[in-house]
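There are 2 protein chains.
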Amino acid sequence: MQPIDTLIKARWIIPVEPDDVVYDQHAVAVHEGRILDVLPATEAESRFQPAVSHTLSEHALIPGLVNSHTHAAMTLFRGLADDLPLMEWLNDHIWPAERRWISDEFVQDGVRLAAAEMLRGGTTCFNDMYFFPDDTGRAATAVGVRAVVGLIVIDFPTVWARDADEYLMKGLDVHDQFRADPLVHTAFAPHAPYTVADAPLERIGVLAEELDIPIHMHVHETDDEIRSSLESHGKRPLARLDDIGLLSPRLMAVHMTHVEEAEIARVADCNASVVHAPESNLKLASGFCPVSRFQQLGVNVALGTDGAASNNDLDMLSETRTAALLGKAVAGSPSAIAAHTSLRMATLNGARALGIDHITGSLEAGKSADMVAIDLGQLETQPVYHPISQVVYAGNRRQVSDVWVAGRHVLKDRALVTVDEAAVIAKAKAWRERIWEADRHGGECDW
Amino acid sequence: MQPIDTLIKARWIIPVEPDDVVYDQHAVAVHEGRILDVLPATEAESRFQPAVSHTLSEHALIPGLVNSHTHAAMTLFRGLADDLPLMEWLNDHIWPAERRWISDEFVQDGVRLAAAEMLRGGTTCFNDMYFFPDDTGRAATAVGVRAVVGLIVIDFPTVWARDADEYLMKGLDVHDQFRADPLVHTAFAPHAPYTVADAPLERIGVLAEELDIPIHMHVHETDDEIRSSLESHGKRPLARLDDIGLLSPRLMAVHMTHVEEAEIARVADCNASVVHAPESNLKLASGFCPVSRFQQLGVNVALGTDGAASNNDLDMLSETRTAALLGKAVAGSPSAIAAHTSLRMATLNGARALGIDHITGSLEAGKSADMVAIDLGQLETQPVYHPISQVVYAGNRRQVSDVWVAGRHVLKDRALVTVDEAAVIAKAKAWRERIWEADRHGGECDW
Chain Y
1 MQPIDTLIKA
11 RWIIPVEPDD
21 VVYDQHAVAV
31 HEGRILDVLP
41 ATEAESRFQP
51 AVSHTLSEHA
61 LIPGLVNSHT
71 HAAMTLFRGL
81 ADDLPLMEWL
91 NDHIWPAERR
101 WISDEFVQDG
111 VRLAAAEMLR
121 GGTTCFNDMY
131 FFPDDTGRAA
141 TAVGVRAVVG
151 LIVIDFPTVW
161 ARDADEYLMK
171 GLDVHDQFRA
181 DPLVHTAFAP
191 HAPYTVADAP
201 LERIGVLAEE
211 LDIPIHMHVH
221 ETDDEIRSSL
231 ESHGKRPLAR
241 LDDIGLLSPR
251 LMAVHMTHVE
261 EAEIARVADC
271 NASVVHAPES
281 NLKLASGFCP
291 VSRFQQLGVN
301 VALGTDGAAS
311 NNDLDMLSET
321 RTAALLGKAV
331 AGSPSAIAAH
341 TSLRMATLNG
351 ARALGIDHIT
361 GSLEAGKSAD
371 MVAIDLGQLE
381 TQPVYHPISQ
391 VVYAGNRRQV
401 SDVWVAGRHV
411 LKDRALVTVD
421 EAAVIAKAKA
431 WRERIWEADR
441 HGGECDW
Chain G
1 MQPIDTLIKA
11 RWIIPVEPDD
21 VVYDQHAVAV
31 HEGRILDVLP
41 ATEAESRFQP
51 AVSHTLSEHA
61 LIPGLVNSHT
71 HAAMTLFRGL
81 ADDLPLMEWL
91 NDHIWPAERR
101 WISDEFVQDG
111 VRLAAAEMLR
121 GGTTCFNDMY
131 FFPDDTGRAA
141 TAVGVRAVVG
151 LIVIDFPTVW
161 ARDADEYLMK
171 GLDVHDQFRA
181 DPLVHTAFAP
191 HAPYTVADAP
201 LERIGVLAEE
211 LDIPIHMHVH
221 ETDDEIRSSL
231 ESHGKRPLAR
241 LDDIGLLSPR
251 LMAVHMTHVE
261 EAEIARVADC
271 NASVVHAPES
281 NLKLASGFCP
291 VSRFQQLGVN
301 VALGTDGAAS
311 NNDLDMLSET
321 RTAALLGKAV
331 AGSPSAIAAH
341 TSLRMATLNG
351 ARALGIDHIT
361 GSLEAGKSAD
371 MVAIDLGQLE
381 TQPVYHPISQ
391 VVYAGNRRQV
401 SDVWVAGRHV
411 LKDRALVTVD
421 EAAVIAKAKA
431 WRERIWEADR
441 HGGECDW
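So the protein sequences, as listed, match chains Y and G.
Quick note on numbering: this note's numbering labels position 407 of the first sequence as 407, and the sequence is numbered without any gaps.
Quick note on numbering: this note's numbering labels position 151 of the second sequence as 151, and the sequence is numbered without any gaps.
Hint data in this document are derived by calculation from the structure and do not stem from the laboratory.
Errors might be hidden in some of the hints.
If several chains are the same, the list does not tell them apart, and a pair holds so long as it fits within one copy or across any two.
In silico SDA-like cross-links for lysine to any residue, where the CA-CA straight-line distance does not exceed 20 Å [claimed, not checked]:
| id | residue 1 | residue 2 |
| --- | --- | --- |
| 1 | Lys412 | Gln378 |
| 2 | Lys429 | Gln378 |
| 3 | Lys170 | Pro157 |
| 4 | Lys429 | Arg414 |
For clarity, every value in this text was computed on a predicted model and none was experimentally measured.
Kindly generate the complete structure, drawing on both the sequences and the hints.
If you want it as C-alpha cells, here you go:
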C-alpha cells in the first residue's frame with residue numbers, strides 16, 4: 001500500500017482529457033499537490049493508503065474551472081451602473097469610479113471578494129487584467145487560488161503608471177516578484193489595440209518571447225473599434241497586430257465579436273487563442289463571437305466572465321452554459337458547442353491559452369490537483385442521465401461542494417477555508433458606501 | 001392595532017407595479033392570503049398586530065415569478081438527450097420516451113419534481129402544456145403552487161386522447177374539475193399550428209370566449225414550421241391563426257423567433273401576448289425573438305423556461321437574466337431590456353398574459369400574497385448598488401430564502417414545507433432507471 005495525502009472517490013469523474021469521457025465510481029489519488037492517478041475506486045482502495053479520504057457519492061468531479069478573462073478587482077463595482085449605452089456607462093460611471101478609487105487597497109479588497117466568489121463557484125484559476133497586478137497576485141496567494149496576473153500596459157496615465165514605459169517597467173518588476181510562486185503566473189496585458197501604440201506593442205512582442213509568457217488583450221470587441229482603427233491606421237485591429245508580429249500562439253484575443261472569415265483563418269494559422277466572454281458580449285451588446293466557426297478551423301477557444309461590472313458575476317459554470325447555448329444559436333445548429341466542448345473551453349482550453357496546460361485544466365496524472373466537486377444529488381439536477389450534460393446545462397455553482405487548488409482543500413462542503421467571509425463582505429459594504437456617494441454626485445477625478 | 005396573519009419586513013421591496021421602483025425598509029401586510037398593504041416598516045409596526053412576523057434584513061422581496069411556458073412533467077426527461085439535431089432529438093429520444101412513459105403516474109411524479117424545483121427557485125405560478133393536465137393540477141394543489149393547466153389539443157392520438165374531439169372533451173372536463181380551485185386555473189393549449197387543424201382551432205376560439213380563458217400555443221418556433229405552413233396552407237402560421245380568429249388578447253404565442261415586422265405590428269394591434277423562452281430558443285437554435293421590437297410596439301411579452309428537456313432547468317431567475325442579456329444583443333443596444341423590464345416580463349406580464357393579473361404578478365394591495373425573498377447579503381451579490389439590477393444580473397435562485405403562495409409559507413429558509421424532498425428525488429431516480437434502459441435500447445412504442 002502506497003501512502004498518499006488524499007484519495008477522492010466520486011460517483012462520476014469527468015477528466016476533460018480524454019474528451020467527452022465520464023469515469024463511473026473512480027477515484028483521484030493526490031500526493032504533494034499533484035494528481036498521482038485517476039483509477040477505479042476499488043483499485044484505488046487496494047493500492048493507496050491515504051492520510052485523508054473523501055467519498056463523493058452523488059457528485060461529479062471536474063477539473064477546476066479556468067476563468068480566462070476577468071478584471072477581478074472590479075467586483076467592487078458590481079451593478080454600479082447597468083443598462084446604459086456603452087459610452088455613458090464608461091464616461092459617467094466606470095471611468096470616474098476607477099479614477100477616483102483604484103489603489104492597492106481597493107485591488108486587494110476587490111480581488112479577495114472576487115477570489116472568494118470564484119472559489120465558491122468552482123473556478124481555481126483566473127486570468128486577470130487590471131491595475132496593481134502585484135496586489136492581485138498577493139491576494140490570490142493569500143486566498144490560495146491560481147492566478148495569471150496581467151502586466152497591464154495602456155497609453156494613458158493612471159495611478160499605477162504614467163506612460164507605456166513605466167507600465168512595462170512595473171510589469172517586469174511584477175513578473176520578477178512572482179517568478180518562484182507556484183500559484184501566480186504572469187501575462188502581458190496590453191489593454192486593446194485602440195489604447196496601446198505600435199511601439200509598446202512591439203516591445204511586448206519581444207519581451208513575451210524572452211519571458212515565455214502569453215499576451216492577453218481585448219481584440220475586436222466592438223464595431224467602433226474596427227472603424228476607428230481603419231481611420232487611424234488604415235487597417236483593421238487584427239491586421240495591425242499581425243503586422244506588429246503579435247499574432248502567435250502567445251496571443252489570447254479576447255472577445256472577437258466582429259471578425260471576417262479571413263481573420264478567423266488567419267487566427268487559426270497563427271495558433272493564437274480566442275477568449276470568449278459571452279455574457280459580457282450580450283450585456284454590452286458587443287456582437288456575437290462565431291465560436292463554432294473558430295473551432296471548425298482548429299482555433300483554441302477559452303472562456304472568461306469578464307469583470308463583474310459587465311456580467312455581473314464571476315460564475316464560470318453559468319458562462320459555460322451560456323457559451324453552449326449561445327454557440328448553438330449563433331451557429332444555427334443545436335449540435336454545435338456540445339456540453340463537453342463547452343466544459344473543455346472552460347478548463348483545458350483556458351489552461352492552454354495561458355500556457356499552463358502542463359499544470360492544470362484536466363484531471364490527469366502529473367498535473368496539479370486543481371479539482372471541483374459538484375453535487376448532482378439535489379432535486380434541481382435530478383434525474384441524471386448524462387453527467388456532463390447535467391453539469392453544463394442544469395448545474396448551478398451553488399452545487400459546488402468542494403474545491404482543491406494544488407491539492408489544498410480550499411472549499412469544504414461549501415465553507416471557504418482560506419477566506420474570512422464576513423470580513424470580505426464587510427469590506428465590500430464599506431467600499432459601497434464611499435463609491436455610491438461619489439457616483440451619485442458625479443465622478444470627480446483625483447488623477 | 002389591526003390583527004393580521006403575517007407581516008414581512010424586508011430591506012428592499014420591489015413591487016414591480018409601479019415599474020422600476022424599490023421601497024427601502026418597507027413591509028408587506030398579509031391577511032387571509034392577500035396583500036393588505038405595502039408600507040414603510042415603521043408605519044406597519046404601529047398599525048398592525050401580526051400573528052407571524054418576518055424580518056428579512058439583507059433581502060429583496062419580489063412578486064412570485066410566473067413561468068409562462070413549461071411542460072412540467074418533462075422534468076423527468078431532463079438531460080436525456082442533448083446537443084442533437086432537432087429531428088433526431090425528437091424522433092429518436094423525446095417522442096419514443098413520451099410514447100412509452102407518459103401516464104397519470106409519470107405526470108404526477110414529474111410535476112412534483114418540477115414544482116419543488118420551481119418553488120425553490122422563486123416561481124409561484126407556472127403555465128403548463130402537457131398530457132394529463134388533471135394530474136398536473138392535482139400535483140400543483142398538493143404542493144401549493146399556482147398553476148395554469150393547459151387543456152391540450154393535438155391532432156394525433158396519444159394515451160391521453162384519440163382525436164381532437166376527445167382532447168377537447170377531456171379538456172372541458174378538466175376545466176370543470178378546477179373551476180372552484182383557488183390555485184389552479186386553465187387555458188386551452190392547442191400544441192402548435194402544424195399539429196392542430198383549422199376545425200378544432202375554430203372551436204377552441206369559440207370555447208375560450210365562452211369560458212373566458214387564454215389560449216396557449218407554440219407559434220413560429222422554427223423556420224421549418226413556416227415553410228411547411230406555406231406549402232400546406234399557402235400562408236404563414238400567424239396569418240392562418242389570424243384568419244381563424246385566434247389573434248386576440250387571449251392568445252399567448254410562445255417563442256415567435258421568426259417574425260416579420262408586419263407580424264409584430266399585427267400582434268400588437270390584436271393585443272395578443274408573446275411568451276419568450278430564450279434559453280430553449282438558444283439550445284434548440286430556433287432563432288432569436290425580437291423582444292425589444294415587440295415591446296416598442298406595445299406587445300405584452302412574458303417569460304417561460306420551456307420544459308426541462310430543452311433548457312435543462314426551470315430556473316426563472318436565470319431565464320430573466322438571459323432575457324435581459326440576449327435582448328440587448330438582439331436589439332444591438334446595451335440599454336434594451338433593462339433589469340426592471342425583464343423582471344416585469346417574469347412576473348406581471350406573465351400574469352397578464354394568463355389573464356390573472358388581478359390575482360398575482362405584483363406586490364399590490366388586494367392581490368394574492370405570492371412573494372419571494374432573495375438574500376442579497378451573500379458575497380456573490382455584494383456590494384449592492386441597485387437591488388433590481390442585483391436580483392436580475394447577479395442573483396442566483398439558490399439565494400431565494402423564502403416563498404409564499406397565497407400567503408402560505410411554502411419555502412422557509414430554503415426548506416420546502418409541502419414537499420417530501422427525499423421522496424421526490426427517489427422517484428426521479430426510479431424513473432431514470434426505467435427511462436434510461438429503454439432509451440439506450442431504442443424507443444419501442446406502446447401506443
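Do the hints match the structure? See the list:
Taking CA atoms no more than 20 Å apart as the test, Lys412 paired with Gln378 passes in both settings, with 18 Å inside one copy and 17 Å between copies. Proximity of Lys429 and Gln378 under a CA criterion of 20 Å is satisfied inter-copy only: 11 Å between copies versus 32 Å inside one chain copy. Proximity of Lys170 to Pro157 under the C-alpha cut-off of 20 Å is restricted to the intra-copy arrangement: shortest distance 13 Å within a copy versus 73 Å between copies. For the homomeric pair Lys429 and Arg414, neither the shortest alpha-carbon distance inside one copy (22 Å) nor that between copies (25 Å) is at most 20 Å.
When each numbered hint is compared with the structure, a violation occurs for hint 4 only.
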